[in-house]
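Line by line, the protein sequences give chains A and B.
Quick note on numbering: the first sequence equals residues 4 to 401 in the numbering used here.
Quick note on numbering: the second sequence equals residues 67 to 220 in the numbering used here.
Calculated directly from the structure, the hints in this document are not laboratory data.
Honestly, I wouldn't trust all of these hints.
Just some of the chain B residues that point at chain A, by a computed CB distance under 7 angstroms [to be verified]: (1) Trp134; (2) Cys135; (3) Asp138; (4) His139.
Built from N, CA and C at the ideal position, the CB exists for glycine as well.
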Amino acid sequence: MPPSAAELSCKAAIVGVGETDFAADYRAWRARGPGFEPPEVEGLAACAFERALEDSGLARSEIDGLSVSFLYGGPTAPEVAQMLGLKPRYMIDNGGIMAGPLPVACAAVAAGECDTIAMVYAVTPRSLARKFGGEPMAGTAAPPSYYYFHPWGWSSQAAHWAYIWRYYQNEFGATEADLGAVAIQLRNNAIMNSNAIMQTPLSIEDYLASRYIVRPLRLLDLCLVNDGGVCLIVRRADRTRHLRHAPVLVAGWGESKVRSKKMHTLVRERLAPQIQEAGDQAFSMAGMGVSDVQHFECYDAATIHLIGQFEGFGFAAPGEGLEFCKAGGMAVGSRMPVNTAGGMLSGAYMHGWNHVAEITKQLRHEATGRQIEGVEISLFSLAQTDQVHPILFKRGVA
Amino acid sequence: MAQRRPDRALVTAGDRMFWEWCGKHELRLQACMNCGEILWPVVKACEHCGRDALEWRRMSGRGQVVSWCTFDHDYYRGLLPVPYDTIMVELEEGPLFVSNPAGFTAEVIEFRKPVRLAFLTCEDAAGEFELPVFEADSGPRKALADVVVQSENQ
Numbered sequence: 004m005p006p007s008a009a010e011l012s013c014k015a016a017i018v019g020v021g022e023t024d025f026a027a028d029y030r031a032w033r034a035r036g037p038g039f040e041p042p043e044v045e046g047l048a049a050c051a052f053e054r055a056l057e058d059s060g061l062a063r064s065e066i067d068g069l070s071v072s073f074l075y076g077g078p079t080a081p082e083v084a085q086m087l088g089l090k091p092r093y094m095i096d097n098g099g100i101m102a103g104p105l106p107v108a109c110a111a112v113a114a115g116e117c118d119t120i121a122m123v124y125a126v127t128p129r130s131l132a133r134k135f136g137g138e139p140m141a142g143t144a145a146p147p148s149y150y151y152f153h154p155w156g157w158s159s160q161a162a163h164w165a166y167i168w169r170y171y172q173n174e175f176g177a178t179e180a181d182l183g184a185v186a187i188q189l190r191n192n193a194i195m196n197s198n199a200i201m202q203t204p205l206s207i208e209d210y211l212a213s214r215y216i217v218r219p220l221r222l223l224d225l226c227l228v229n230d231g232g233v234c235l236i237v238r239r240a241d242r243t244r245h246l247r248h249a250p251v252l253v254a255g256w257g258e259s260k261v262r263s264k265k266m267h268t269l270v271r272e273r274l275a276p277q278i279q280e281a282g283d284q285a286f287s288m289a290g291m292g293v294s295d296v297q298h299f300e301c302y303d304a305a306t307i308h309l310i311g312q313f314e315g316f317g318f319a320a321p322g323e324g325l326e327f328c329k330a331g332g333m334a335v336g337s338r339m340p341v342n343t344a345g346g347m348l349s350g351a352y353m354h355g356w357n358h359v360a361e362i363t364k365q366l367r368h369e370a371t372g373r374q375i376e377g378v379e380i381s382l383f384s385l386a387q388t389d390q391v392h393p394i395l396f397k398r399g400v401a
Numbered sequence: 067m068a069q070r071r072p073d074r075a076l077v078t079a080g081d082r083m084f085w086e087w088c089g090k091h092e093l094r095l096q097a098c099m100n101c102g103e104i105l106w107p108v109v110k111a112c113e114h115c116g117r118d119a120l121e122w123r124r125m126s127g128r129g130q131v132v133s134w135c136t137f138d139h140d141y142y143r144g145l146l147p148v149p150y151d152t153i154m155v156e157l158e159e160g161p162l163f164v165s166n167p168a169g170f171t172a173e174v175i176e177f178r179k180p181v182r183l184a185f186l187t188c189e190d191a192a193g194e195f196e197l198p199v200f201e202a203d204s205g206p207r208k209a210l211a212d213v214v215v216q217s218e219n220q
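Work the whole structure out from these sequences, hints included.
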């Protein structure tokens, strides 16, 4: 990741955003009626790009940079450029999961490699029937950020969150119904977003009746699995006046990795040291403090993982995040709105790209039906099992 | 009869020595000869200080359960009958060790339940092996804090 340097702050802004039809595509996959063809990343990427280009109001010829992020495989950047009819002077195969790719693009823009870069991401884990635990599929390795202790049957992302949650329960006396409040809050948010996959209201009874995946975690504690794509168009900040929408400035970022005692850091500390370190970098780069944040988009691979990050950034004291959520504090219009489009738990599993898309809409003041009034600054946090990458965003002048 | 288990080789590279010690019913983890950090799973160099002089240090086999979970989802496609329990044991020496309970189930686990090492004969695609698991430690209960202080004084 490029350095968290103040001179890179607010040098680039998101000026276009496009998403595929998460909800409609999910329903089509579930139904798989006659003639159903599973989506491919090329088609999803093209759909998201065309929507982002239209949204930006820019001409195709103004796109002189291209970043591609196909987490589970896909075409190279030159192949995507040809497919989209672009002639970029800067191209990069740029990781996958959101946080990393955006600072890379911003640094390229700041360095003059390009003026306007299209960042394309698409995945099809549902159509690929991707497994999230057990023995690896042929030709694929377990994700390097996860420890899998196979001979004891301990694998899957869910297993990591399950150990965290059990430990948290013992440390703070929290109950399963307490955790259900997070799933319910994000479902309530999703219902205000027509492109969110989950649209049915969720009660605590529904939550407690949902099946366990890795006890004490239930199906509704874990993020969705769906196919889709997102495109962000990022442009030099000094060329964002008089565009169709208010620009969304990328103000700061940070990165901190767990170097030792990984299970201890993850399960007992819920990555608090890494959140602190990476957060300090991002806030310092942006010249902001945590009290400036008005909206938090959080990598919600699991309900308890959201709470760990929420507490880690200091939005609630350790052990108080669930009470904060139960009291409604994470709702739009309350103290700290979280994952206002439904996140990955009820919105769409787009590896953090959906969170940044939502920040773009919120900071433009165009999040119809769920707008946080007057929001100027949003924080995105990616936490994986062994690293944390926050990004700070600021509404620019239209 | 040996219990069928998922392949050991998938844990992490370079773990052959670990399993050889298990075959002798000893739980040994890598320890850094420079800074003393105990490392698990297997590493090539110390995660704490970066040195690569490591020794296989024998663990006492005593510890406490500090987290646990039960797999209801059949990730291993029938290889391990669900539901089954896993535990995270804080070994007396400090490291956290993911394992299975032997002779007890998740229903009776309380936070910091004392456990002690046992071995279970298992097999995978590469053949039979001894799997370190943990049984309830009903012996005289020694406060973990005292043990830590003792070992620090040595």
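Quiz item: Holds or violated: Cys135/B as interface residue toward chain A, Cβ cutoff 7 angstroms?
Solution: holds, 4 angstroms
Quiz prompt | Hint check, Asp138/B versus chain A [nearest Cβ-Cβ separation less than 7 angstroms] | solution = Result: holds, 4 angstroms to nearest chain A Cβ.
Quiz prompt | Evaluation of the interface hint that places Trp134/B against chain A, nearest CB under 7 angstroms | solution = Interface hint status for Trp134/B: holds (6 angstroms vs cutoff 7 angstroms).
Quiz item: Against chain A, is His139/B within 7 angstroms by beta-carbon distance?
Solution: holds, 5 angstroms
Violated hints are absent here; each numbered hint is respected by the structure.
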